[in-house]
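Kindly generate the complete structure, drawing on both the sequences and the hints.
Residue numbers (our numbering): 1119 to 1205.
These are computed hints drawn from the structure, not numbers from a lab.
Backbone N, C-alpha and C define an ideal beta-carbon position, used for all residues, glycine too.
A portion of the hints provided could be inaccurate.
As the list claims (entries may be wrong) - Here are the in silico distance ranges between beta carbons for each label pair:
hint, residue 1, residue 2, range
1, Leu-1164, Pro-1186, 29 to 39 Å
2, Glu-1161, Gln-1197, 38 to 48 Å
3, Arg-1200, Leu-1145, 14 to 24 Å
Claimed, not checked - Here are the simulated SDA-like pairs of lysine to any residue, each with C-alpha atoms no more than 20 Å apart in a straight line:
hint, residue 1, residue 2
4, Lys-1182, Asn-1152
5, Lys-1175, Val-1159
6, Lys-1182, Phe-1150
7, Lys-1173, Glu-1160
8, Lys-1175, Ile-1148
9, Lys-1182, His-1143
10, Lys-1182, Leu-1145
11, Lys-1175, Glu-1160
12, Lys-1182, Glu-1155
13, Lys-1173, Ile-1148
14, Lys-1182, Gly-1146
15, Lys-1182, Val-1154
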Amino acid sequence: MPKQSKQLYRMYSPSLDTMMREVLHTLGDIDFANEVELEQVEESVLDPDLRESIKDKVRTAHQKRRQPYADLLETLRRQQHRQSFAA
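As structure tokens, then:
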């Protein structure tokens, strides 16, 4: 590993990186579950107006579920950014 890469690696807290990976994984799980639910609605609800209404509710619930993790990820990225300048 080049010397510069080792220096860059040391700038970030391993626990911070682990937390960011876990949050990203959780966001991926939430997004995947949302896509599955939207596909199920698309395939099972025949009435177009009802289908769109249900899909809107699913999207709203998805955003509410996802937002705290997106906010946490942004906070972790800011911490990582501050650590990189402190090193």
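Checked hints:
| no. | hint | verdict |
| --- | --- | --- |
| 1 | Leu-1164 / Pro-1186: 29 to 39 Å | 35 Å, holds |
| 2 | Glu-1161 / Gln-1197: 38 to 48 Å | 42 Å, holds |
| 3 | Arg-1200 / Leu-1145: 14 to 24 Å | 22 Å, holds |
| 4 | Lys-1182 / Asn-1152 | 12 Å, holds |
| 5 | Lys-1175 / Val-1159 | 11 Å, holds |
| 6 | Lys-1182 / Phe-1150 | 15 Å, holds |
| 7 | Lys-1173 / Glu-1160 | 8 Å, holds |
| 8 | Lys-1175 / Ile-1148 | 15 Å, holds |
| 9 | Lys-1182 / His-1143 | 17 Å, holds |
| 10 | Lys-1182 / Leu-1145 | 12 Å, holds |
| 11 | Lys-1175 / Glu-1160 | 13 Å, holds |
| 12 | Lys-1182 / Glu-1155 | 15 Å, holds |
| 13 | Lys-1173 / Ile-1148 | 15 Å, holds |
| 14 | Lys-1182 / Gly-1146 | 15 Å, holds |
| 15 | Lys-1182 / Val-1154 | 17 Å, holds |
Of the numbered hints listed earlier, not one is contradicted by the structure.
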